[in-house]
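Colleague: Each chain, letter by letter, is given below.
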Amino acid sequence: MFFNSLIFAIFLPIVFLLYWFVFSKTKSTQNAFLVVVSYYFYSCWDWRFLFLLLFSTLLCYYTGIKIEKSIGERERKFWFWLSVVFNLGFLAIFKYYNFFAFSFSEALNNIGIQSSPLLLDVILPVGISFYTFHGLSYVIDIYYKRIQSEKDVIDYALFVSYFPLLVAGPIERATHLLPQVKLKRSFDFEKAKEGVYQIIWGLVKKVVIADTCATYANSIFDNYTSMNSLSLILGAVYFAFQIYGDFSGYSDMALGMSKLFGLDLLRNFNYPYFSRDIAEFWRRWHISLSSWFRDYLYIPLGGSRGSKLKQVRNVFIIFVVSGFWHGANWTFLAWGFINAMYFLPSLLLGTNRNNMETAELHWNFNSIKVFFSILATFSITCLAWIFFRAKSIHTAFDYISTIFTNGNFASQFLQNQRYSYELLWLILAFVLVEWNSRYKIEPISGKFSWLKMALCLLTIIALGTYSDYKEFIYFQF
Amino acid sequence: MTKFIIVIAKILLTILILLVLLDWTYTTVYLHSSNRGKVENVFNSKAENYDVVILGSSRANNHFVPELFEKKGLKTFNYGMSGAHLFEASLLLKLMAERNYKIKTVILEADLGLCNEKESEMIAAKFLPYIHHSEIIKNHFSSQENFNELYYIPFYRYVDFDALIGFREMYNTATSKPTNILDHLGYHPLINKKQGNMKNDIRALKPIRNKYYEEIKQICQQNNYKLITVMTPMCANVKGLDYFEKANQIYPEIHNLENVVQGDQYFSSCGHLNDAGARMFTKIVIEKFF
Chain A
43 MFFNSLIFAI FLPIVFLLYW FVFSKTKSTQ NAFLVVVSYY FYSCWDWRFL
93 FLLLFSTLLC YYTGIKIEKS IGERERKFWF WLSVVFNLGF LAIFKYYNFF
143 AFSFSEALNN IGIQSSPLLL DVILPVGISF YTFHGLSYVI DIYYKRIQSE
193 KDVIDYALFV SYFPLLVAGP IERATHLLPQ VKLKRSFDFE KAKEGVYQII
243 WGLVKKVVIA DTCATYANSI FDNYTSMNSL SLILGAVYFA FQIYGDFSGY
293 SDMALGMSKL FGLDLLRNFN YPYFSRDIAE FWRRWHISLS SWFRDYLYIP
343 LGGSRGSKLK QVRNVFIIFV VSGFWHGANW TFLAWGFINA MYFLPSLLLG
393 TNRNNMETAE LHWNFNSIKV FFSILATFSI TCLAWIFFRA KSIHTAFDYI
443 STIFTNGNFA SQFLQNQRYS YELLWLILAF VLVEWNSRYK IEPISGKFSW
493 LKMALCLLTI IALGTYSDYK EFIYFQF
Chain B
1206 MTKFIIVIAK ILLTILILLV LLDWTYTTVY LHSSNRGKVE NVFNSKAENY
1256 DVVILGSSRA NNHFVPELFE KKGLKTFNYG MSGAHLFEAS LLLKLMAERN
1306 YKIKTVILEA DLGLCNEKES EMIAAKFLPY IHHSEIIKNH FSSQENFNEL
1356 YYIPFYRYVD FDALIGFREM YNTATSKPTN ILDHLGYHPL INKKQGNMKN
1406 DIRALKPIRN KYYEEIKQIC QQNNYKLITV MTPMCANVKG LDYFEKANQI
1456 YPEIHNLENV VQGDQYFSSC GHLNDAGARM FTKIVIEKFF
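Sequences listed follow chains A and B, in order. Heads up, the first sequence is in this note's numbering, so the first residue is 43 and it goes up one at a time. Heads up, the second sequence is in this note's numbering, so the first residue is 1206 and it goes up one at a time.
Think of the hints as simulated: they come from the structure by calculation, not from any bench. Any given hint could turn out to be false.
As a list, the in silico BS3-like pairs of lysine-lysine whose alpha-carbon atoms are at most 27 Å apart [what the hints assert, rightly or not]:
1. B:Lys1309 - B:Lys1431
2. B:Lys1208 - A:Lys226
3. B:Lys1208 - A:Lys233
4. A:Lys233 - B:Lys1215
5. B:Lys1404 - B:Lys1444
6. B:Lys1208 - A:Lys67
7. B:Lys1416 - A:Lys482
8. B:Lys1382 - B:Lys1277
9. B:Lys1411 - A:Lys489
10. B:Lys1343 - B:Lys1422
11. B:Lys1277 - B:Lys1251
12. B:Lys1215 - A:Lys494
Chain A extracted, bound-state conformation (with noise of 0.2 Å):
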C-alpha cells in the first residue's frame, strides 16, 4: 500500500475518521487505534514479516525496561548488547548477508580458491532498516541515561510502528515522539491544513518530479554505452531530481499525514540542493538519517575532537557506513566514500560550518559566488549519485569517462520516445518554485494558498506520470 496508491487514497480517510470520532476518547484508545491500523499496513506488505516488527518492538520495549532496572554495570551492558547484537542481527541477515557471502566467495575464487557462496533465499522486509534505527536509538538513549524507558508497550509500539514513518522514516527518537505520544492528541485546524498542503507539494515531488525523471534517468541509465555527453549529464541531473523528489516526497506526505493525527515527525530534508557546501548538502539531505549516525556513531567515536588524523578517520567511517547503509552494494560503499573525500576539504580547512544560513541570491557580486557554489556543490553531487544509480562501480566509471570523453552534445531520442533535453523546463519550474518556499516547509501555504494548491492539483492530474508507476526508491533500503 504506497500513499500515492488509490487503495491508501481509500485508507487514509477511514482511518482519519475513526481516529478523531471513534477512538479520540482517550491517549490510550488514539494510540491502541493507531498501533492496530500501523500493522495492518505493514502486513499489506507481507504479513509474515509482521512477526520481525513485532519481535523487534518486544525486544527493545523489553531490554530499554532491564536496561533502566539494572543494578550492576555488567547486567546493564548484558541487556544493552543484546538488544544491539540482536537488532543488527535481523539487519545483517536480511539485508547484508548474501552480499558478504558473494563477496567472500568472490574474493577466495580470485585467489584460486574455487568456491561458491551459501546464499539464503530471503527477501528484505519493507522498512527494516528504518524500524531497527529507531529501536537502536531508543534503547541507547537508555542506557546512556538520556531517557527513562518507555512502560507502556502500546505507547512504545506506536513510536515505533507508527505508519506513516513506519517503512521509509523519517528516523524518530523517542526523545521527540514518545512525548508527543503519551499525551492525548487534539484536532488542530491549522496543523491539519497544514498537514494536507505538505501531502499534495508531496504528491508533486513524487508522481510530477521524480517519476517523470525516472522514465528518462533509466532510459539513459540502462542505455548509457549509447548515449553521448548530453544525454548522460541529463541523465545524472535527472537521477538527481528523481532520488530528490521521490524521497522527499515520501518525507512531505509522511510529515504531513501524521500531522493529520496530531504528531508532529522530525523534518527529513531542507532544500538541500541550494546548498554552497558538501557539508550544507549534508545538513539539508535525509537529515533523520545524518543526525542519527552524527549522535550515535560520530560522536562516540570522537567526532571532531582529537588529532586530524582520526578526524579524517570518523569522517570516512560515518560516510562509509552510512552509504552501506543504503543497501549491500559496492556502489553504496563508493557513493558513501565520494562523499566523504567531498567533506573532507572543508573538514581540514574548518570551514565545515561556514553556511549555516539558508542561502540568498541578492544583486551584488557576494551572489555571483553563492549562486557558483550551489552550482559547483550540485554538480559533484550529481557525479556521486552517478554511483548510486549504476549497477556497478565499473559501470559508474564508465559512464563518467564517457561524459568527459565523448565531446557530443546533441540532443538525443531516448527508448522512451522522448528528447532527452525535454525535462529542463520541468526541473527548472520545479527548481524555481523550491526556491521561492526555502524558507518554508512547503510552498503552498501563504497567500494565495487556494490558488496554488489548485496549481499543485493541476500539474499532478495533468503531469503526473501514472502508468509507468514507480516504488518509492527508498522502500528497498
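Since chain A is already given, all that's left is putting chain B on it; use the hints.
Modeller: Here is chain B on its own, set in the frame of chain A:
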C-alpha cells in the same frame, strides 16, 4: 473539525472541476486533429474512396507498400499500426464504415494476432479520447474490464494512458507538431537490414476462432468490401512455424504468404521485412490478387 471537513470538501470539489475541465480540453484538442495518427485521421474524416485499404499490425504497416498499388492505379492507404491487435483493426474498420468509406478491397494481415482477443493498450488508447463522441467506440470498449472507469470518471483515460494520450501528446496535437505516421500513404519502411534478431519462437502462440476477425468479416460483408486476409512473411529461423498451418485449419480462407519472401537480407528483424523485402512482398500480393 467542521472547518477542516469544509477544506477537504473544497479540495475534492476543485479536483472534480479540474478533471472535468481537463477532460473537456484534451478531448476538444483531439477532436480537432487529423494529422498525427491513423486513428484520429479516420475518426475526424468524412467519406473516402479507396481501392485498397490495408489493416493489421506492424506486420501490415511495414510490409505493404501503397506506392506500388498506386502505380497499378489502385488508390491505397496502409492503416496497419505497430502493436495493433485485431481488436483495433476491427474498430478502425467499423469507424470507416460508419463514415461511409467506399472501399473495394480490404487487405487484412491476420496471423499472429489471431491468437488473442485482447486490446493492445498502446493502440486502443488512441481511440479513448472519442469514447463520449462515438457509440461505436463506446460499444467496442464496453466489454473491457475497466470500461466503467474509462467511460464515467472524467479524465481517467488520460491519466491511465498518460504516456499515449496524456499532456505531452495533447500538447503536440494542439501545436500540430508533425509526425511521419501518415507519410508514404501510411507505410512505414524499415530501412536497416538484419538489425534485429533473426530468430523467433512462436511455439507458445495458439490461433483461436477470433471474435474480432469474425467482426471484420461481417463488416466487410455488410458494406460490400472485398476481404483478402493474409499471413505475412517471417524469417526462416522460427520455432513453431506450424502456427500458420494451424491458423489455416481454423480459417482456410486466409492466404498463407508466410514463406513467399526468403532470405535474411530481406528482413529487418525476424518478424518484419525491410523496405526491399516489403517491396518484393507487395509485388507478389499485387500479382496474386489484382
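Colleague: Against this structure, judge whether each hint is valid.
Modeller: Hints, verified against the model:
no. : hint                  : verdict
1   : B:Lys1309 - B:Lys1431 : holds (6 Å)
2   : B:Lys1208 - A:Lys226  : holds (21 Å)
3   : B:Lys1208 - A:Lys233  : holds (12 Å)
4   : A:Lys233 - B:Lys1215  : holds (17 Å)
5   : B:Lys1404 - B:Lys1444 : holds (8 Å)
6   : B:Lys1208 - A:Lys67   : holds (21 Å)
7   : B:Lys1416 - A:Lys482  : violated (59 Å)
8   : B:Lys1382 - B:Lys1277 : violated (33 Å)
9   : B:Lys1411 - A:Lys489  : violated (63 Å)
10  : B:Lys1343 - B:Lys1422 : holds (21 Å)
11  : B:Lys1277 - B:Lys1251 : holds (25 Å)
12  : B:Lys1215 - A:Lys494  : holds (14 Å)
This entry does not satisfy hints 7, 8, 9, going by the numbered hints stated previously.
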